[in-house]
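**Q** Which chain is which? The protein sequence lines are A and B, in order. For the first sequence, our numbering gives the first residue as 1, with consecutive numbering after it. For the second sequence, our numbering gives the first residue as 1001, with consecutive numbering after it.
Because the hints were derived from the structure by calculation, they are not lab data. Treat the hints with caution; some may be incorrect.
[To be verified] Here are the computed lysine-lysine pairs in the BS3-like style, where the Cα-Cα straight-line distance is at most 27 Å:
id : chain 1 : residue 1 : chain 2 : residue 2
1  : B       : K1056     : A       : K126
2  : B       : K1124     : A       : K126
3  : A       : K126      : B       : K1229
4  : B       : K1224     : B       : K1203
Quantities reported herein were computed from a predicted structural model and do not represent experimental measurements.
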Amino acid sequence: MFAGIDIGSLTAQAVLLEDGNVTLSKSISVRPNPVESARAVMGQLLEENNLSWGDIGYCVSTGYGREKIQGEGMAQENVSEISCHGLGALSLVPQVRTVIDIGGQDAKVIRVDGAGELVDFVMNDKCAAGTGRFLEVMCRTLGVALEDLGPMSQGARGHIHLSSRCSIYAETEVLHYLQRGVDMASLAAGINRSMAHRVIALVRRVGVEKEVLMSGGVAKNVAVRAELEKMMNVKMVTPRLDPQLVGAFGAAVMARKASGAA
Amino acid sequence: MITMGIDIGSLLSKVVIMDGDSLISSGIVDTTGNIAGEIDGLVASVLSDAGIGRDKLEGAAGTGSGAELLENVDFREDEVTCVGTAAGYLLPEISMAVDIGGQSITAILLDAEGEVINFMRNDKCASGSGRFLEVMSGAVGIGVDAIDETAAGAKKPVHISSQCGVFAESEVISHVNAGEDAADIVAGLCEAVANIVAAQARKFGAEEKYTLTGGVARIDTISKVISGKLGGTFFPFPHDPRLASAIGAALLAGME
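Chain A on its own, in the form it takes in the complex:
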């Protein structure tokens, strides 16, 4: 059995591969440190399936604290998130050449070739704009749940225009719109649109090659996805896996490869 552990800024994921086909997975909120998150998420996944750590033949860790997780003996190898997301996406949909991964605290655009080798990538982890954190800050201001922001803007008749890229200034702008009584659908639509604009700026730095797959938590926001597709003029492929699990899945595929299994 091959395993992948991916620790993000907000959630931790574990994936188990059985015979290459059967995939077991688990996602939890992060614990105070990556090692504890890894132990908790994999421990829970194993327990739910009546398995134990001894059933794992090879494990690859990725994301925050991946070296420490290996150091604690939970993984045999650690690999960068970029390689794991690239391989994970390609293993799900072999035609994928571009991966847009928007996590809770960073955004990456990864270009891979048909063999899953990295061609180019660009990352933003310096500024909250264009990351999941921007949406979180906005949802806190609006008082809505993160998962509701996408559906909320579907069917909006208009959208607010956010002139600030900076999340802190954009928050002030949204507050002003709220005080003026602008409807929630238009607010959500403007926020999702602004988010997509920041992501597309990153995408344009490495260019788009079809097929395009979106991973990470923000991939679950239907409105941001739709805006991005419109801006790229490309319909993105939908993986058969929760987009938040792509990194951990890639790590598990990496584990299978490393152990020499077919």
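Keeping the supplied structure of chain A fixed, place chain B upon it in accordance with the hints.
**A** For chain B alone, kept in the frame of chain A given last:
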């Protein structure tokens, strides 16, 4: 010559009355959604503090991001010109003024006559601005006014690695939750702001003599770290540094 300068900033609005190059009286209020209606009250109280009737004013100029809201001024001037004029006029020795406002950091290069040669501004991002400091000190649970007092007891300032206000706020919150001393967190915060401001100021290369203006310059802990990083000689602004832009507007009103 009695003149008035009004600066409607992003967070604060200021009014000054000058007699030539001496400051007679001044007032500061929060910039609210209704500042256009409230500014007249501040003007009246500042004039009354100065013991000067409105009819004695020989010139008035407005500046700041909300300057277009002002009606009773002779003209409006941009903040860079106003801060540059105030700094260059009151401190003829300096060649640079770094203004740290509520929503911007601006490095202003001055020639020997105190005229603005060039400037560089970040108003796209909250990093290092007054707003940044407000968010961060809020996360520690103190007001901006308590920063100097709180940082004074620091033994080992924490390191804040993010420049982004949102990410830095998370860092501050984790330090608070980890039970770090508020003094050490606030001192780390001052260090972080000073690094961001110094980086902006250094884009013009090393300047020998400079001043700091705007609200953040009022915080001694930050001014000290900035001047340590920039080297050269720091000339403190001779009045409340938040008034620099309004003072510049009043000086320009006298030159018209």
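**Q** Mind listing which of the numbered hints don't hold for this structure, in increasing order?
**A** 1
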